[in-house]
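Visitor: In the numbering used here, the protein residues as written are 337 to 561.
It should be emphasised that the hints constitute simulated quantities derived from the structure, not laboratory data. The structure presented is a predicted model; accordingly, all values stated were derived computationally and were not measured. Be a bit skeptical, because a hint or two may be false.
[What the hints assert, rightly or not] Straight-line Cα separation of at most 25 angstroms, DSS-like style, residue types lysine-lysine; simulated pairs: (1) K422 x K440; (2) K402 x K440; (3) K377 x K423; (4) K377 x K440; (5) K423 x K440; (6) K402 x K377.
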Amino acid sequence: MIRTRLSNTPWFTILTEEQQQRVIQETVLQDYPAGAFIVRKGDASRHWIGMIEGLARISVGTADGKLAALTGVPAGGWIGEGALLKKELRRYDVVTLRNSVVAKMPVETFYWLLDHSFSFNRFLLNQFNHRMGQFIGRVESDRLFNADIRVARCIAELVRMPNYADDNYNRQLNITQEEIGYLARVSRQRTNGALKKLADAGFIELQYRSVIINDLQGLETLEEI
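Kindly generate the complete structure, drawing on both the sequences and the hints.
Guide: Pasting the structure below:
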């Protein structure tokens, strides 16, 4: 079952059969309802975490209840390698936005792959590079652009996964307008308006609980609409 769930994961398919077998034997799958904490800020870093099904947010908060969503993690996304490599406590919360299936690879397995797979190391390097660009783009959007552009960039973030070729991505993003607004830090009403503008301009098509991507590069580079 785990092999089937991991078969579409880029880093898993580049492993040797021996490496795949160890991952299968030592990785566990867990079901989480919507609104559940997968990881809490301050937790010990014991696993590399993958979203097999569903959607989660990475966020930070303060003691007085202020919350800032940093990014979303769609199905296929893997997170938490930085804390494992630095052997530090988790610095953020990871919370499901809908019912989700999560894979947890023990830190010992993660380090074994680092020691035995050049391809796995290359994947992580690409992922770090992708994530750095993603967060720089977030800062740019927050400081320079309006809510319409933040919504466009948010959609692009959720579609563009590291190690996927430019023309090899899932053009249908299964997400609600409410979830997009939450991750983009934009009100629901403003999100609806932005999505309609993006659809009218041909960047996306709106369907029930999903968005069809027509121009991913356009969403990533859009500065005015």
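Visitor: The structure should be examined with respect to each hint, and the outcome stated for every one.
Guide: Okay, the hints, checked on the actual structure:
1. K422 x K440: holds, 18 angstroms
2. K402 x K440: Since the Cα atoms of K402 and K440 sit roughly 29 angstroms apart, the hinted pair is violated (cutoff 25 angstroms).
3. K377 x K423: holds, 14 angstroms
4. K377 x K440: Holds. K377 to K440 sits at ~17 angstroms (cutoff 25 angstroms).
5. K423 x K440: The hint holds at about 17 angstroms.
6. K402 x K377: At roughly 14 angstroms apart (the allowed maximum being 25 angstroms), K377 and K402 satisfy the hint.
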